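Peer 1: If you want the building blocks of each chain, they are given just below.
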Amino acid sequence: MVIKLRNFKDNVLRGLLWLSALLTIAILVTIVGYIFYKGIGLISIDFIFGDYSPTGGGGIWPMIITTIYTIVISLVIATPIGILAAVYLQEYAKQGRLVKLIRFATESLTGIPSIIYGLFGAVFFVATLKLGMSIISASLTLTIIILPVIIRTTEESLKTVPQSYREGSLALGNTKLQTLYKVILPSAMPGILAGIILSIGRIVGESAAIFLTAGTVAALPESIFSSARTLTVHSFLVTQEAGDIELAAAVGIVLIVIILVLNLLATLISKIFNKANY
Amino acid sequence: MSSTPVQKSNKRKYMLEKLSGRVFLLCALLSVLSLLLIIGFVFIKGINPFVVEGYSFIDFLFGNDWVPSEDQFGIFPMIVASIYATIGALIIGVPIGLFTAIFLAEIAPKRLAKIISPAVQLLAGIPSVLYGVFGLAVIVPFLQDTLGLAKGQSLFTVILVLAIMMLPTVVTVSETALRAVPKTYREGSLALGVSQIGTIFKVVVPAAKSGILTAVVLGMGRAIGETMAVILVAGNSLIIPTSLTDSIRPLTTNIALEMGYAAGVHQEMLFATGIVLFSFILILNFVLAKISAKGGH
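The listed protein sequences derive, respectively, from chains A and B. Using my numbering, you'd call the opening residue of the first sequence number 1 and step up by one each time. Using my numbering, you'd call the opening residue of the second sequence number 1 and step up by one each time.
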C-alpha cells in the first residue's frame, strides 16, 4: 500500500517534470511561431532595404543601419577596455581589496536594469556631455552595459589558459607583455569571441536604455550625432503607437534571425575551440 | 657613460612593461568609475526635489496620486504594482523553470535535452520587446475574450509575460546548480533504495538549494527591471491594483513613458522613481551575496 502510494507520487512528479519541459518548449514555439506567422507576409527585399515611410509600406533600412552603428561603436570601445580589464584582474592584479572592489563593481553593473542605464545615459551623455539624443549617446550607454559581459567572459577564458603556457613563454625570455599578446591572448581568443558575440546579442536586444538615449527619429541617421531608432525600438513604437502587430512582428523576424545566427556562431566557435584542444 | 643599444632596448622594454600594467589597471577601474557615475548622477538628480525643493520623501513613497501637472508625485501604486507583478511572475515562472531544469539535468533523454537546451538559450536571446508584442497580440485578446474583460491589459497579463521572460534565467542557473551536485550523492541515495524521483527531490534539489535560490533572485531582478515589454501589456492605470484584472503601471514603465517629455521637478521625480527601483535591485544583490556566501560553506 505504502509502496503503491509512493509509486503514484513518483509518477505524478515525473509527469510534472515532463509537463514543465514540454510547456517551456511550447511557449518558445508559440512565440517564435506567432512572430513568424504574423510578420512573414511583410518580409521582402524592399522591406529590408527600403526607407521607412510613416504612411506605411516602407522598409526598415534606417533601423538596421542604426542598430549596426550602435553595435560597432559600443564594441569598438568596450572590447579593448573589457579585455584589458580582464587581463589586469587575471594576470596582473594581486588579489586584495582593489580586485574585490573591481569585481564588486563589475557584478553590480550586471544587475542594474536597463531603464536605469537609460536614465544615466539621459542625464550624463545626453545632457551633461551635451551629446544630445543620438546614436553616440546610446552607444556609450551600451558600452557600459556590455563591459561586464566582456570582462567576465574574457576572465573565464583566461582562466582556462594553462599555467604552463605562461611559464614556458617567460622561460624563453619573453617579457610579461610579450607573453600576454603572443601566448595568452591568442589561446584565450575563442572565449573572447564568444563574449563579443554575447555582447552583440545584448545590444541587438536592448531597448529601454536606447529608447531614453537615442530617441525615436525614424530616418537614416546622417551621423552618429543624429537621433535615430534601432530595430527593437521600432518594433516597440509601431506596436505602442499604431498597434501595427504585423510590422512589429516582421521586425521581430529580423531580430530573431540575427539572434539565431549569433547563437549558431557561438556554438560553432566553441566547437572549433574544443576540437583544437583535443 | 653612454649605454649600449641592448641596454637602451631593455630600458624601453621595462618602461613599456610598467606602463602597460598601469593602463590595464585603468581599464579595470573604469567599471568602478562607471558604477560610481551611474549611482552619483541618478541619485543626485533624484534626491534634488527632496533636499533642495522641499518635497516630502514620505509623500513620494506613500502618496497615491501621480499628477505631474498638479505637482503631485506619489508612487505608492507603482511600488505595489511592481511588487505584485514580480511576486506573481515568480509564483508561475519559478516552478515551471525549476522543473524544466530538473528535467534537463536529471531525467531527460539525451536527444530531447539537446533540443530543449538550445531552445531555452534562444528564449533567453529573444529581445524583450517581442515578448511584449506577443503579450499584446495574443495574451491580451485571449484574456479579454475568456474572462470577458473590458481591457485585457492587466496585472495578470504582466505576470504571464514576466513569468515567460524569467524562465530562461531560472532554467539555466538552476540547471547549472543541479549538475554541480556530486554524483556520489545520487548513488548513495539510490543505493539506500530511494527511487530516482525521491532522490531528485530529497537529495539533489536540497543540495543545489543555494544555486536554485540564486536563480530565483536573478529571475526576480529580471522581472522587476523589465520595461518595454511591460509597457505594452500593463495598461498603464495609476491605481493600486486590487485584483489580477486591474490595469497597472509599474515603476519602470513610469520612467520610460514620461522621460520623453518630462522637465524640471517632474523629470527629477522620474529619477527618484529610478532610485526606488535601484534600491529594490540593491536589496536583491545583497540577498544574492548572502546566498552565495552561504553556498560557499
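It cannot be assumed that every hint is accurate.
[What the hints assert, rightly or not] Below, a list of computed lysine to any residue pairs in the SDA-like style, where the Cα atoms sit at most 25 Å apart:
{"#": "1", "chain 1": "A", "residue 1": "K4", "chain 2": "B", "residue 2": "A191"}
{"#": "2", "chain 1": "B", "residue 1": "K110", "chain 2": "B", "residue 2": "L257"}
{"#": "3", "chain 1": "A", "residue 1": "K271", "chain 2": "B", "residue 2": "I92"}
[Claimed, not checked] Computed footprint of chain A on chain B, listed as stretches where at least three residues anywhere in the stretch have a Cβ under 8 Å from a Cβ of chain A:
{"#": "4", "region": "19-29"}
{"#": "5", "region": "170-179"}
{"#": "6", "region": "234-248"}
Keep in mind the hints are simulated off the structure, nothing from the lab. As the structure is a computational prediction, the values presented were derived from the model and not from experiment. Ideal placement from N, C-alpha and C gives every residue a C-beta, glycine not left out.
Peer 1: Each hint should be assessed against the structure and marked as holding or not.
Peer 2: So, going through the hints one by one against the coordinates:
{"no.": "1", "hint": "K4/A with A191/B", "verdict": "holds, 20 Å"}
{"no.": "2", "hint": "K110/B with L257/B", "verdict": "violated, 46 Å"}
{"no.": "3", "hint": "K271/A with I92/B", "verdict": "violated, 35 Å"}
{"no.": "4", "hint": "19-29", "verdict": "holds (count 8)"}
{"no.": "5", "hint": "170-179", "verdict": "violated (count 1)"}
{"no.": "6", "hint": "234-248", "verdict": "violated (count 0)"}
The structure does not agree with the numbered hints 2, 3, 5, 6 stated previously, though it agrees with the rest.
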